Amino acid sequence: MPEASTRPIVVVDDVHQSFGEVEVLKGVSFTVAKGGVVCIIGPSGSGKSTLLRCINGLVPIQRGSIRVASFDVHALRTDKEKIALRKEVSMVFQQYNLFPHKTALQNVMMAPIHVLREKPDEVRARAIALLTKVGLAAKQDAYPGELSGGQQQRVAIARSLAMRPEVMLFDEVTAALDPETVKEVLNTIRGLAQEGMTCILVTHEMRFAREIADEVHFTDGGRIVESAPPAELFDHPKVDRTRAFLSQVL
Amino acid sequence: MRQPQVLPVLLPAAERLAKAAMRERASGARALRLEPAHGVALFAAFVLGCGVAQAQSRSYDPSILATIWKWTPLLARGFAFNLAISFVAMAIGSIAGFFLGFAQISLLPAVKRGAWLTTHFFRNAPWLVLLFYCMFLLPFQVTVFGVTIPIPDWTKATLGLALPVMANVSEIVRGAIQSIPTTQWEAAASLAFNRRQTQWMIIFPQCIKRMLPPWMNLYAILTMSTVLASIVGVNEMMTLTQRALSAENRPGLLLAFYSYVLLWFFVYCYPIARWTVRLEARYAVRQ
Ligand SMILES: Nc1ncnc2c1ncn2[C@@H]1O[C@H](COP(=O)(O)OP(=O)(O)O)[C@@H](O)[C@H]1O
Ligand SMILES: [Mg+2]
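Same order as they appear, the protein sequences are chains A and B. Letter 143 of the first sequence, counting from 1, is numbered 143 in my numbering, and no numbers are missing. Letter 144 of the second sequence, counting from 1, is numbered 144 in my numbering, and no numbers are missing.
Careful: at least some of the hints might be erroneous.
Said to hold, decoys possible - Calculated Cβ distances over 12 Å to all of chain B for the following chain A residues:
#1 88
#2 232
#3 248
Stated by the list, open to error - No farther apart than 25 Å at their CA atoms in a straight line, the calculated lysine-lysine pairs in the DSS-like style are these:
#4 A:183 to A:26
#5 A:183 to A:139
#6 A:82 to B:209
#7 A:80 to B:112
#8 A:80 to A:139
#9 B:112 to A:102
Hints were generated in silico from the structure; no laboratory data involved. From a predicted model like this one, the values you see are computed outputs, not experimental measurements. Glycine included, C-beta positions come from ideal geometry on N, C-alpha and C.
Take these sequences, add in the hints, and give me the full structure.
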């Protein structure tokens, strides 16, 4: 059904968020269609990470609304409700944040077993399949400390996928990696996007954003300054601020 | 203090002190730094004590080493009692401190506040004072359903020592939990773990390595503090030493006997202290 595929799975509407006195998000709105890939670019401190955290329900918002699949994220109050949301939306962090006391395989298996309460042998089979998919089947018994940054990040992606989320959030997942390993992580994300996973990526990899995104949002000072399909935004930015930013990073 | 300008000469020393204080705060107790030199000094004191005692002996007195040897089985029994007290106090204190430490990071303000107060009260009260409180405030027997259970002095002393252990363990647990980066909590939350699961499955297992060195350090300090129980009349090594000395009635024996007791404690605590330092160094490199 074409109708279903274009219906937005994420609707962010006029979101305001502050930490105490400091207003970090000053009215952000955008939507993501199911299976869509949206990239968020912008200078550091513009509130990109905070925006992803809001979508995942990790930080509360003060005004506006966020809807993800069937959840009104802004209205979730109890831990139980937030946990239900996070089964649908999974986040991958810049610093991987793997659990250092667990092997790669255990990292992937933990949440499905203890949160989704699935059978360990089924989870195990799925976890091995996911590690194979990210190219790390041989490393399943390695601890995070024994893996390179790129490998850790791919384990982190597999760990998120093991929750069978509807939406994946990526927060500058290649920013801490050295150039050679960036590619392996981007390939993994590209594979996911091609399979139809809904993705919201905060990234500094402009070429990757151009190739993969359906839409790019440029944020600055807690607002979305300009939104457009990548070809348009990168080649013909309409706003001066966007142009200035792109001229610095491209 | 009143002068606003900083004396630059004092800075390195001040920094060093601040760092040492930070380390001690993090470890939950004063760091016990036993060096081989301490053992050598103790042994020298023992030899000197024996020499002095020998010189003061009357011709018909048995030799000083023979005297010490004669009393050694009794003193060893006393030492075993010290160890028993240290084990039980450590076990009780650790279990209670473990829960108190978690209570210190509770999201409920009342629990958090109460745990903080309890911890800091028992951590800052002198051990001896706590010991006396337990000795004199606890009844010597309790009657439950018509059955009278006596509470012997050593039980009270053990409880008295368990209290500061509890408070120090509480700080060790809290410090270790708070030393885990918040990103671990965030990663767990984004995987839909609830708070309790996060604490037990993700945060606490990572704390064990960090807790082990200060916990062992605390144990060594506790073991040495068990002699405080002699003041409240428990039959541990120090009490028995006093008894041996009064039975012998030879004032020259004092230094020899007490340094002999200290040697026992040193031999027991030194390996623990060394091992603690080794673990600290190893984990510091790893993390
Ligand atoms: N937990 C927090 N408490 C207070 N201020 C925060 C917190 N997290 C982020 N901020 C502030 O919010 C602003 C946006 O941060 P962030 O979302 O991390 O930006 P970006 O990811 O675009 O670099 C920054 O100015 C930062 O200092
Ligand atoms: Mg960021």
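Restraint check for residue 82 of chain A with residue 209 of chain B, where alpha carbons must lie at most 25 Å apart = violated (32 Å)
Would you mind confirming whether the straight-line C-alpha gap from residue 183 of chain A to residue 26 of chain A stays at or under 25 Å?
-> violated (34 Å)
Measure nothing beyond the straight line between the CA atoms of residue 80 of chain A and residue 112 of chain B; if it is 25 Å or shorter, mark the hint as holding.
-> holds (23 Å)
Claimed clearance of chain B by residue 248 of chain A, with the beta carbon kept past 12 Å = At about 28 Å from chain B, residue 248 of chain A clears the 12 Å cut-off, so the statement holds.
Does the structure keep residue 80 of chain A and residue 139 of chain A at a Cα separation of 25 Å or less?
-> Answer violated: residue 80 of chain A to residue 139 of chain A is near 34 Å, above 25 Å.
Would you check the hint for residue 112 of chain B and residue 102 of chain A, treating anything up to 25 Å between C-alpha atoms as holding?
-> violated (30 Å)
Would the least Cβ to Cβ distance between residue 232 of chain A and chain B come out above 12 Å?
-> Since the minimum Cβ distance to chain B is about 32 Å, residue 232 of chain A lies beyond 12 Å and the statement holds.
Hey, is residue 88 of chain A genuinely clear of chain B, shortest beta carbon separation above 12 Å?
-> violated (9 Å)
Sort out whether residue 139 of chain A lies within 25 Å of residue 183 of chain A, counting only the CA atoms.
-> Holds - the C-alpha atoms of residue 139 of chain A and residue 183 of chain A are around 19 Å apart, at most 25 Å.
Checked against the numbered hints above, the structure violates hints 1, 4, 6, 8, 9; every other hint is satisfied.
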